[in-house]
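Residues per chain, in single letters:
2 protein chains.
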Amino acid sequence: MDLADRVLSGDLRALARAGTIVENRGRAAEPLMRELFPHTGRTQLIGITGAPGAGKSTLVDQFAHHLRRENKKVGIIAVDPTSPFSGGALLGDRIRMLRHYADPGVFIRSMATRGKLGGIAKATTEMALLMDAAGLDVILIETVGVGQDEVEIARLADVTIVVLAPGMGDDVQAIKAGIMEIADVFVINKSDQPGADRLERDIKAAESRVPVVRVVATDGAGIGEALAAIRERLHAAGKRERAIENWSLRLREMLRDRLLENYSNINFHEAAAKVASREVDPYTLLDQWTS
Amino acid sequence: MDLADRVLSGDLRALARAGTIVENRGRAAEPLMRELFPHTGRTQLIGITGAPGAGKSTLVDQFAHHLRRENKKVGIIAVDPTSPFSGGALLGDRIRMLRHYADPGVFIRSMATRGKLGGIAKATTEMALLMDAAGLDVILIETVGVGQDEVEIARLADVTIVVLAPGMGDDVQAIKAGIMEIADVFVINKSDQPGADRLERDIKAAESRVPVVRVVATDGAGIGEALAAIRERLHAAGKRERAIENWSLRLREMLRDRLLENYSNINFHEAAAKVASREVDPYTLLDQWTS
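In order, the protein sequence lines correspond to chains A and B.
All the letters of the first sequence, read from the start, carry residue numbers 1307 to 1597 under my numbering.
All the letters of the second sequence, read from the start, carry residue numbers 1307 to 1597 under my numbering.
Warning: the hint list may mix true and false statements.
Chain B residues, not near chain A, derived (Cβ > 12 Å throughout) [what the hints assert, rightly or not]:
| hint | residue |
| --- | --- |
| 1 | I1327 |
| 2 | P1410 |
| 3 | R1507 |
Under the rule of at most 30 Å between Cα atoms (straight-line distance), these lysine-lysine pairs were calculated in the BS3-like manner [stated by the list, open to error]:
| hint | chain 1 | residue 1 | chain 2 | residue 2 |
| --- | --- | --- | --- | --- |
| 4 | B | K1428 | A | K1428 |
| 5 | B | K1545 | B | K1428 |
| 6 | A | K1545 | A | K1378 |
| 7 | B | K1378 | B | K1428 |
| 8 | A | K1428 | A | K1378 |
| 9 | A | K1580 | B | K1580 |
| 10 | B | K1510 | A | K1580 |
| 11 | A | K1580 | B | K1428 |
| 12 | B | K1378 | B | K1545 |
| 13 | A | K1545 | B | K1378 |
| 14 | B | K1378 | A | K1428 |
| 15 | A | K1378 | B | K1580 |
| 16 | B | K1545 | B | K1580 |
| 17 | A | K1428 | A | K1545 |
It should be emphasised that the hints constitute simulated quantities derived from the structure, not laboratory data.
We put the beta carbon where it would ideally sit given N, CA and C, even for glycine.
My request is simple: use the sequences and hints to build the entire structure.
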């Protein structure tokens, strides 16, 4: 049985191997992706983002726990901002502490960005497609951080959860503003702590049409309600429009990467040295390369 | 006098207009950039990044204040992660509260990402080049957030400052790990607060070769020392290698964007609808477009 068939049969080891191929071999992984693609589109993609300290990992762990009790197969993709420099060790370690690490019904993957500009959205998309092809029922994509990339990745999901927690300080509150607009569901974690009521009022004042669910991820309170709110959104109208919008973004990015492949003979370092010393301006170089 | 000449003469209104042209008109702004480029390369670019809540804006304000006392002309570029959704209003408001807003020796610009994948590094680069051409002596680039984009932008500077503060919690500590490696200078802000000593020890244990300066940005303590540490790094070896590395990244990105321009006739929305319904796979589409 070839690798694609093994992935389609739900073999998690084959899935892991396919993931490594897609991450490392770029274009050479295309035949595999092409073969698997028609078998995708059935899984539910849930993006989980929010400010640092809100307890996203604990929440993901609880979601996985509940979904396992319903006998769903669960994929977890942890997008790790530390990776370009530290090799993803930080989040990798955190992942290994999850109680589901040894559960064959849960497939966990930490995505390293490896310093590539713009590459993480593509890599995350392809990993999610592989998991989809392997028959995982729900994929939880956790992004750590509040930057543009994290926001884009969260948007790639069918439903995006923004996790907030009381008592994170004014500046963190301000940062949240950037991710408020992408929320399909707000989850207030640590909702037993002081400030949770005020936070809930503030959210409802800012985004009155988005459901707000209070949880205490550390003891599992409210997790069922949060999943119910997510499911309601999954079945709401607009899912197809969202998928089209997402694919439109991805196609543009994939085309850009593909086009650049034809220019692999350019010595960018040599060109950059000339630009740095102002021997030539970058626009003249672009004209030369593309004429 | 044409716009380029006015920018070169240090006319800040012309600089603002040039910035708007570069931000909004894309390729049509190239003749202007091409004319100004040979006159750039003299300014000092200082990137300031760090976890939310560390007090970066206050620090930038203090740096600007000190540099103005030395009669330096200062540019401030605030990269705003909230912009794709809220139009940059948040940071824009914060900027307007800075005491230098009315000082003609300080030029402040808030950069909106406008939801474009990968575009913010290019936009920031071009804005910095314009400020450089206008004769600003020092440019402070403040990035809010801890994502991949923010880290890339911080790296585009000649010197990168990572701002930390005590008492930000374990998760925030963890996030910091992702930006530790890009620091040329660490600044511990709020260094009069509990935990500052431990934070300093932790940083020194992790990155022993990077200078650590303690400041209290709200009252200006330590700002002179921080600027001295930054200047020492600016004059250290490796600056040219770094500029080449940065231009190498930027050239690759510029080429990618340029190549995509030839495909403006593609109806990505229509193509995305076919992919979303699995009528066609994205790889087949890419083959068709580029064959």
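Structure-based check of each hint:
no.	hint	in the structure
1	I1327	15 Å, holds
2	P1410	28 Å, holds
3	R1507	20 Å, holds
4	B:K1428 with A:K1428	20 Å, holds
5	B:K1545 with B:K1428	20 Å, holds
6	A:K1545 with A:K1378	21 Å, holds
7	B:K1378 with B:K1428	26 Å, holds
8	A:K1428 with A:K1378	26 Å, holds
9	A:K1580 with B:K1580	44 Å, violated
10	B:K1510 with A:K1580	37 Å, violated
11	A:K1580 with B:K1428	18 Å, holds
12	B:K1378 with B:K1545	21 Å, holds
13	A:K1545 with B:K1378	53 Å, violated
14	B:K1378 with A:K1428	43 Å, violated
15	A:K1378 with B:K1580	29 Å, holds
16	B:K1545 with B:K1580	49 Å, violated
17	A:K1428 with A:K1545	20 Å, holds
Consistency with the previously given hints fails for numbers 9, 10, 13, 14 and 16, ordered from lowest to highest.
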